[in-house]
Structure formats: structure tokens, C-alpha cells
Amino acid sequence: GAGVSQTPSNKVTEKGKYVELRCDPISGHTALYWYRQSLGQGPEFLIYFQGTGAADDSGLPNDRFFAVRPEGSVSTLKIQRTERGDSAMYLCASSVSLAGGLNEQFFGPGTRLTVL
Amino acid sequence: AQSVTQLDSQVPVFEEAPVELRCNYSSSVSVYLFWYVQYPNQGLQLLLKYLSGSTLVKGINGFEAEFNKSQTSFHLRKPSVHISDTAEYFCAVSSGGSNYKLTFGKGTLLTVNP
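Chain order of the listed sequences is A and B. Each residue of the first sequence is one higher than the last, beginning at 1 in this note's numbering. Each residue of the second sequence is one higher than the last, beginning at 117 in this note's numbering.
It is worth saying that the hints were derived from the structure and are not from the lab. Small disclaimer: the values here were computed from a predicted structure and weren't measured. All residues carry an ideal CB built from backbone N, CA and C; glycine is no exception. Check each hint, because a few of them may be wrong.
Stated by the list, open to error - Using 20 Å as the maximum straight-line C-alpha spacing, the simulated DMTMM-like pairs for lysine to aspartate or glutamate come out as follows:
hint, chain 1, residue 1, chain 2, residue 2
1, A, K78, A, D56
2, A, K78, A, D63
3, B, K174, A, E104
4, B, K174, B, E132
5, B, K217, A, E44
6, B, K165, B, E204
7, A, K78, A, E14
8, B, K222, A, E44
9, B, K217, A, D56
10, B, K174, B, D201
11, B, K174, B, E136
12, B, K185, B, E136
13, B, K217, A, E104
14, B, K165, A, E44
15, B, K165, A, E104
16, A, K11, A, D86
17, B, K222, A, D86
18, A, K78, A, D24
19, B, K217, A, D57
Said to hold, decoys possible - Sample of chain B residues lacking proximity to chain A, with all beta carbon distances greater than 12 Å (derived):
hint, residue
20, V127
21, E132
22, R138
23, G178
24, E180
25, F183
26, N184
27, S186
28, Q187
29, S189
30, D201
31, T202
Produce the entire structure from the sequences given, and follow the hints as far as they go.
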């Protein structure tokens, strides 16, 4: 079956612009995660969805960042008034959700965002 | 709070040589430990994980890792590497009630030379 997909694969924008990054999780996966990977660093947690709701958004760096998952499947990460420091690879992952279990996260290929 | 330290940013080795990629973690509670591999222009792929039980964990592509609680380490090993193992390797930890939240190290670039 298909894995996690992310679009676009690359996004170049200008400082101050608004961007949306899309994630299509594996079918049937109820949990969805966003991470950000800056150059030379490991991925950093941004937000976790369980179904339609954000169960933990503690990793979002500031209020310019927002994510939604209105139907419990596709998720969109939205960044307002982009800054050069937002340039990074944005990774999405999904997993099944088993009560009391630790569930393997399957990662997409990422969206590389460049803010000029 | 939890953290992960990968002691080597780059590890060059020759083909068919053994390799060890080092990982140390810190956490105040019991942990789950992972190694991921990232090939160029691809997403992260899980190599192996430690949840509980045997401290020696075997993963895909001939890799294995050993959980050492006293040394808070989870080093990754392979007895004989191939050119195709060239990639970035990330160690990660999750713990406690937020076990969905992976904390990654900065990664180790393994380069296998002919």
C-alpha cells in the first residue's frame, strides 16, 4: 500500500508570505505527527493529532504556526508571515493507535521549505 | 526532559568493515529507544526499536543495537557494511506518558567507501 505522502516536495517562498504544507497519512492511521528538521539537526516534534484533534501542540514554535486535520485524515501545516528561520525540512508521520501501545511512526519524504 | 546525544557526526568506513554508531540518552523515566535511517531524498525509515525485554535488539539490513541502562546507551552495530548502507542515522527516544513524542539526536552520517 501507499506510504505517507507530502506535497509539495519543495517550496520556495519570500519572507512574509503564507505557506501551506500538506500531509496524506497511511490509510487507517488515526495518529499523525509533524516534525521539523533544520540543516544538520535531527527532527524536532511540532504537533500530534489523534483523529481530528491536536492532542499535543507543544512543539509549535510560535503562533505563526498552525496545523489542522479536519476530517481525521489529511493534515495541513500552515505558516503565516514566514521568516528565513523557518527554512527547514518539514516531516510528517502517521501511525495506528493501539490503546496502551507504542506505535511505529511511518515518515513521509518531507517538504523542504526555503524562505528567501 | 529527555535528550539524545550522538557522539559522532560523521563515520567513514570501508566496505565489509564493522561499524558502531554511538548513542547516549538521558531521561528521568523508563524509555523506548529507536534507530532510524534516512537515505538521500527519502523519509526516515525505522531500523529497530527497544521497548522492553531482551537488551539486544535486531533490526533490518543486518543492524543490531544493545540497550545498556547503566550506561544510558543504545549503540548501533553492523558486523560488515555495504556501500548501500551509506546514509544518515538517527537515534531517538520517547518516554512516559508522551511516548508518541520522539526526541532525536543530531544524526550520524555513515559513509561506506569501496
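Against the structure, the hints come out as follows:
no. : hint            : result
1   : K78/A / D56/A   : holds, 16 Å
2   : K78/A / D63/A   : holds, 10 Å
3   : K174/B / E104/A : holds, 16 Å
4   : K174/B / E132/B : holds, 19 Å
5   : K217/B / E44/A  : holds, 9 Å
6   : K165/B / E204/B : holds, 17 Å
7   : K78/A / E14/A   : holds, 15 Å
8   : K222/B / E44/A  : holds, 10 Å
9   : K217/B / D56/A  : holds, 9 Å
10  : K174/B / D201/B : holds, 16 Å
11  : K174/B / E136/B : holds, 14 Å
12  : K185/B / E136/B : holds, 18 Å
13  : K217/B / E104/A : holds, 11 Å
14  : K165/B / E44/A  : holds, 19 Å
15  : K165/B / E104/A : holds, 9 Å
16  : K11/A / D86/A   : holds, 12 Å
17  : K222/B / D86/A  : holds, 18 Å
18  : K78/A / D24/A   : holds, 15 Å
19  : K217/B / D57/A  : holds, 11 Å
20  : V127            : holds, 16 Å
21  : E132            : holds, 29 Å
22  : R138            : holds, 15 Å
23  : G178            : holds, 20 Å
24  : E180            : holds, 18 Å
25  : F183            : holds, 15 Å
26  : N184            : holds, 20 Å
27  : S186            : holds, 23 Å
28  : Q187            : holds, 21 Å
29  : S189            : holds, 17 Å
30  : D201            : holds, 19 Å
31  : T202            : holds, 18 Å
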